[in-house]
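Chemist: In the order they appear, the protein sequences are chains A and B. Every letter in the first sequence is one number past the one before it in numbering that gives the first Met the number 0, and letter 10, counting from 1, is 9. Every letter in the second sequence is one number past the one before it in numbering that gives the first Met the number 0, and letter 42, counting from 1, is 41.
Simulated from the structure, these hints should not be mistaken for lab results. None of the hints are false.
Derived, one-sided and incomplete: chain A residues facing chain B with beta-carbon distance under 10 Å:
(1) 7
(2) 21
(3) 26
(4) 32
(5) 33
(6) 44
(7) 51
(8) 53
(9) 59
(10) 67
Note that beta-carbon positions come from the ideal geometry of N, C-alpha and C, so glycine has one too.
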Amino acid sequence: MIIVFAVFAILIFYDLQRFIRKKERARVFAIYIFFMAASLAVSLLLASERRPSSPSQWIEAILKMIGVLK
Amino acid sequence: MEKARISSTQLFLLLSGFLFGSTVILAPAQGAKNDAWLAMLLGGAGGTLLMWVYAAIALLNPSKTLVDILKEKLGKVAGNIFAVLYAWYFIHLASLVLRDFGEFICTATFPETPMVVVIGLFAVILVYAINSGIEVMGRLSELLVPVIPLIVVIISLSLITVHDFTAFLPILGNGMTPVLNAAFSFITFPFGETVAFLMLFPHVNKKEKLKKVVLVSAAISILLGIILFFRDISVLGSDLMARSTFIPHLTSLLIPGFNVEPLVDINLLIGGGVKISVCIYAAAKALSQIAGIGDYRKLTGSISTFCVVLSIWEYKNVLELFDWAEKVWPYYSIPFQIIVPLLLLLLSLREKSKPSDAGAES
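Take these sequences, add in the hints, and give me the full structure.
Modeler: Have a look at this one:
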């Protein structure tokens with residue numbers, strides 16, 4: 000858990016510093032935060048051994064629901 | 000648009016590296032067992048046709064990426080929705096290949112190393128390559144991709160003394176259905192995945208050679224796949240081949256006298272690296288175009304981080320990964336690889352025929 004926080008802190012600190020210095024637009028921050036927040040949340044859940052259902056399972060469920068897969 | 004240019008040779012090698020990708024360790028069309036070579040021929044023909052469709056779309060819409068084409072043909076709202084879905088598809092594909100890579104390295108080479116470390120370190124190198132630009136990726140492929148067939152030839156020749164050349168018989172022992180299923184899988188993996196190149200085609204300097212480049216790289220990929228199949232089945236036999244996870248790796252272990260296992264790792268590093276780089280580049284470029292961000296490099300770090308996490312999150316183990324890739328991936332890929340590109344081709348052809356009609360009327 001601590002390692003996950005440490006890795007993400009380094010990555011976010013490095014990138015955000017660069018973005019602020021270059022005065023990036025809000026949409027760059029929005030996309031960046033979306034991906035990093037999703038990655039951090041999933042990483043923390045995986046680190047605490049509470050694996051959430053994955054996109055592959057959602058895709059499989061959708062394909063079963065519409066009758067493509069049995 | 001980014002002014003970077005790649006030559007047709009670089010595109011050819013990028014495409015070939017992409018097509019070899021994880022196929023050099025996973026042996027596609029395995030579902031057809033002894034008749035996988037037939038499935039590869041049939042699927043390869045279909046896959047080549049599909050790649051020809053992508054090239055035709057690119058030629059009908061010169062200097063436009065997939066996102067530009069989607070927005071132009073389907074309108075801004077629908078175009079953006081489809082573009083986001085494609086960005087997701089490229090991210091998902093990159094994460095699948097990263098997982099293939101991680102599973103292979105952690106099974107065969109570094110069994111004591113946590114997979115996230117292997118995948119994470121590989122991703123760091125790839126982000127560096129992607130941020131260096133498409134020209135650097137092209138030059139890297141020029142340098143590295145020719146090594147892949149060389150390694151295949153070295154391993155195949157080293158095994159010449161342990162071959163059983165009748166191992167692929169009987170032909171069509173299980174009927175035609177498994178062959179057709181495997182052929183369909185072979186179209187979607189790896190040929191259909193080259194839809195990601197619609198984000199790269201605008202950077203090719205000689206567009207008139209595009210169709211030729213696509214056809215030659217597809218033909219070489221089919222040929223290499225068939226060579227790999229005949230090598231593996233004549234060394235391992237169909238029964239052991241059906242039960243193995245990483246078939247080419249197992250084959251390379253059987254060379255009498257010396258160990259060439261690292262050569263298979265090198266193949267995956269090169270092929271997988273090219274494939275993941277192209278997918279992350281395509282995703283970052285697509286998202287940057289959708290959001291109106293000038294430089295795709297601002298998004299590569301976060302997208303790559305997400306790909307690493309996604310690759311670990313998706314599957315509990317290698318068996319789940321292979322099962323999903325075999326049963327779900329081909330059907331999940333149909334809209335991205337076949338339906339939308341065909342629709343875009345039809346719309347592009349219709350648009351192309353319009354001005355000449357107007358000219359004839361006037």
